[in-house]
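Colleague: Here are the chains, one letter per residue:
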Amino acid sequence: MSNKEYKLLQGNEACVEGAIAAGMRFFAGYPITPSTEIAELSAQKLPKYGGKFIQMEDELSSMAAIIGASLTGIKSMTATSGPGFSLMQENLGYACITEVPCVVANVQRGGPSTGLPTSPAQGDVMQAKWGTHGDHPVIALTPNSVQETYEITITAFNLAEKYRTPVILLMDETVGHMREKLILKDPSEIKVINRKKPTCKPEDYVAYRADEDLIPPMASFGEGYRYHVTGLTHDETGFPTNNNEISGKLIERLNNKVEKNIGEMSYYEEYELEDAEIVIVAFGGVSRSAKSAIDEMRRNGKKVGLFRPITIWPILEKQINKISEKSKEIYVAEMNLGQYFLEVDRIAGKKCPVNKICKVTGELITPNEIINAIYGGK
Amino acid sequence: MNASEITKKYYRADKLPHIWCPGCGHGTLLNTVVRAIDKLGLNKDDVCIVSGIGCSSRASGYLDFNTLHTTHGRALAFATGIKHANPKLHVIVITGDGDASAIGGNHLIHAARRNIDITTICFNNNIYGMTGGQYSPTTPIGDFATTAPYGNIDKPFDLCNLAQGAGASYVGRGTAYHAQLMQKLIENGIQNKGFSFVEGLSLCPTYYGRKNKKGSAVKMHTFLKDHCVDKKIVDKKPEMAENKIIIGELYNNQKPEYTDNYKVIIDKFHNY
Numbered sequence: 000m001s002n003k004e005y006k007l008l009q010g011n012e013a014c015v016e017g018a019i020a021a022g023m024r025f026f027a028g029y030p031i032t033p034s035t036e037i038a039e040l041s042a043q044k045l046p047k048y049g050g051k052f053i054q055m056e057d058e059l060s061s062m063a064a065i066i067g068a069s070l071t072g073i074k075s076m077t078a079t080s081g082p083g084f085s086l087m088q089e090n091l092g093y094a095c096i097t098e099v100p101c102v103v104a105n106v107q108r109g110g111p112s113t114g115l116p117t118s119p120a121q122g123d124v125m126q127a128k129w130g131t132h133g134d135h136p137v138i139a140l141t142p143n144s145v146q147e148t149y150e151i152t153i154t155a156f157n158l159a160e161k162y163r164t165p166v167i168l169l170m171d172e173t174v175g176h177m178r179e180k181l182i183l184k185d186p187s188e189i190k191v192i193n194r195k196k197p198t199c200k201p202e203d204y205v206a207y208r209a210d211e212d213l214i215p216p217m218a219s220f221g222e223g224y225r226y227h228v229t230g231l232t233h234d235e236t237g238f239p240t241n242n243n244e245i246s247g248k249l250i251e252r253l254n255n256k257v258e259k260n261i262g263e264m265s266y267y268e269e270y271e272l273e274d275a276e277i278v279i280v281a282f283g284g285v286s287r288s289a290k291s292a293i294d295e296m297r298r299n300g301k302k303v304g305l306f307r308p309i310t311i312w313p314i315l316e317k318q319i320n321k322i323s324e325k326s327k328e329i330y331v332a333e334m335n336l337g338q339y340f341l342e343v344d345r346i347a348g349k350k351c352p353v354n355k356i357c358k359v360t361g362e363l364i365t366p367n368e369i370i371n372a373i374y375g376g377k
Numbered sequence: 000m001n002a003s004e005i006t007k008k009y010y011r012a013d014k015l016p017h018i019w020c021p022g023c024g025h026g027t028l029l030n031t032v033v034r035a036i037d038k039l040g041l042n043k044d045d046v047c048i049v050s051g052i053g054c055s056s057r058a059s060g061y062l063d064f065n066t067l068h069t070t071h072g073r074a075l076a077f078a079t080g081i082k083h084a085n086p087k088l089h090v091i092v093i094t095g096d097g098d099a100s101a102i103g104g105n106h107l108i109h110a111a112r113r114n115i116d117i118t119t120i121c122f123n124n125n126i127y128g129m130t131g132g133q134y135s136p137t138t139p140i141g142d143f144a145t146t147a148p149y150g151n152i153d154k155p156f157d158l159c160n161l162a163q164g165a166g167a168s169y170v171g172r173g174t175a176y177h178a179q180l181m182q183k184l185i186e187n188g189i190q191n192k193g194f195s196f197v198e199g200l201s202l203c204p205t206y207y208g209r210k211n212k213k214g215s216a217v218k219m220h221t222f223l224k225d226h227c228v229d230k231k232i233v234d235k236k237p238e239m240a241e242n243k244i245i246i247g248e249l250y251n252n253q254k255p256e257y258t259d260n261y262k263v264i265i266d267k268f269h270n271y
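Residue numbers (numbering that gives the first Met the number 0), protein chains in the order written: chain D, 0 to 377; chain B, 0 to 271.
Keep in mind that the hints were calculated from the coordinates and are not lab data. Predicted, not measured: the structure shown is a model, and the values here were computed from it. Hints are not guaranteed to be accurate.
Said to hold, decoys possible - Distance condition first, Cα-Cα at most 27 Å in a straight line; then the derived DSS-like pairs of lysine-lysine:
1) Lys87/B to Lys196/D
2) Lys192/B to Lys254/B
3) Lys6/D to Lys224/B
4) Lys196/D to Lys267/B
5) Lys87/B to Lys200/D
6) Lys47/D to Lys224/B
7) Lys254/B to Lys47/D
8) Lys218/B to Lys47/D
9) Lys183/B to Lys8/B
10) Lys47/D to Lys87/B
11) Lys200/D to Lys267/B
12) Lys195/D to Lys87/B
13) Lys254/B to Lys224/B
14) Lys44/D to Lys224/B
15) Lys196/D to Lys43/B
16) Lys183/B to Lys218/B
17) Lys7/B to Lys200/D
18) Lys8/B to Lys254/B
19) Lys200/D to Lys43/B
20) Lys254/B to Lys200/D
21) Lys43/B to Lys44/D
22) Lys301/D to Lys327/D
23) Lys183/B to Lys87/B
24) Lys248/D to Lys8/B
Please put together the full structure from these sequences, using the hints given.
Modeller: This is how it looks when you write it as structure tokens:
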């Protein structure tokens, strides 16, 4: 029999519950609205689990510190919002090329710059993918409820550990700050993945030699496997190289780790999609308005459904393609000027019209706005 | 241990020769780091060398420890994560004047403020060498650099004063000429339970030297020999400090250390 525990929590708090359940034992961060509760609760909880919290001097160093901690074998994370996420891009790229698992929660607020610190937005969709320079793999997940924040945070750690790459929890202020019932799982029900470790002797360890799954086993600093880690393009020994062929292969492998395993990280929800002629694509807080709008329109006989990507990156190309083949029209509703729309339109645009329902006022898109946009188009 | 034994035991010999120019002071300074580690008898598996970006920071790749070559200026932030996560590791940061005090200045003062047990060794050559000779926060006023073609007007930092003022518990300054002193300061820095900052005055004959007509590497070493005076001497005869660079142990004052303090919290609240 499992011991279920119920709590009334906000999304940010659920994120910490999920992180600790996944094994997070190190948090470094810098205060920023609307993500600060993640740092506050981590500061309170981690010592109770023998874990470590540190408030760093900025987001550059927060990102650096969690990479350093992860190299010692400890699961680590940070949390931030737009302005801090911009500062983290430098070392996010470092974590990608050095293949250090870690989780970064970005509770999105209005931007650009200081923008609307206390208001929801989804303006970092493209930054999550392309914020750091160079071609790099990105996994970004977006929850739409407190319960899902808890569960998807565990998934984020599992993906980071499995694929040795940073995972971004792309939350929005709506989900971060709303309060709902959370059912905490019994530890026995939680699947926790830990990074693959070397099984060879230290003298035989080649730090960046990937197995067939494209992922190299990862030793922790202090375990006797002395190796080199650099942000420079490196060969399989981990040391810098200027060899063009080796450089190209590294970048391809890093990206293929994600691209070739896309099926293992494709999370989404379909709602009333079976007979839908019109499909709304929405994620995070907006998807909840979309569901209300669909219920209302269904009552009036309109065949509308929802496709809700939970995995924002890598893009769910296969699923979006399928929708475009079945539906007459797609509406992408998001709290930005059409960032996810660009991808949906690229994939689906040749098969059916793709429209956008956008809002950048710092307010959630309402069900009525979605309904009006869809009826207004007729 | 003789030089070849040292090389064999602590260097990744297959990564040599290093990238530093002929006459550069960095090789000597790196050797003082290695000899200090050897003198203290640290287990290689427990030593973690973290560096940033620049000429100095290539040092990590040559050493047979756990080595982390990070992003520009951020070595101390990465090192803070490592030390906090695993306080058993001896964490040593090798950085340069630009890396530590320009782009990484904020991390330097905050690591010092926390008095976290990290030994930071700054190879100061008063110039950005890797990018071809631009002025740094330690380039003297009036000196030339590719970005100071009419003479530098930026007032330089005294890195040791900066570290001490920010809260470091051990501060010392050696040079590429005063290698034995440098080694001793690093030994003391590693043994100090807290944030230690050891500045190693280096020399860059290729860029700083040429731009400022300082002559050969030998001449630049001779400059260090003739223009430095140990603090112990100055303490007795203050007039000896005139027009000189003060070297030696500059500050040594035990203070509560960050990871020790955090352990007190864990010991009190750890219950899962």
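Colleague: Hint compliance check: list the failing hint numbers for this structure, sorted ascending.
Modeller: Violated: hints 3, 4, 6, 8, 11, 13, 14, 18, 20, 21 and 24.
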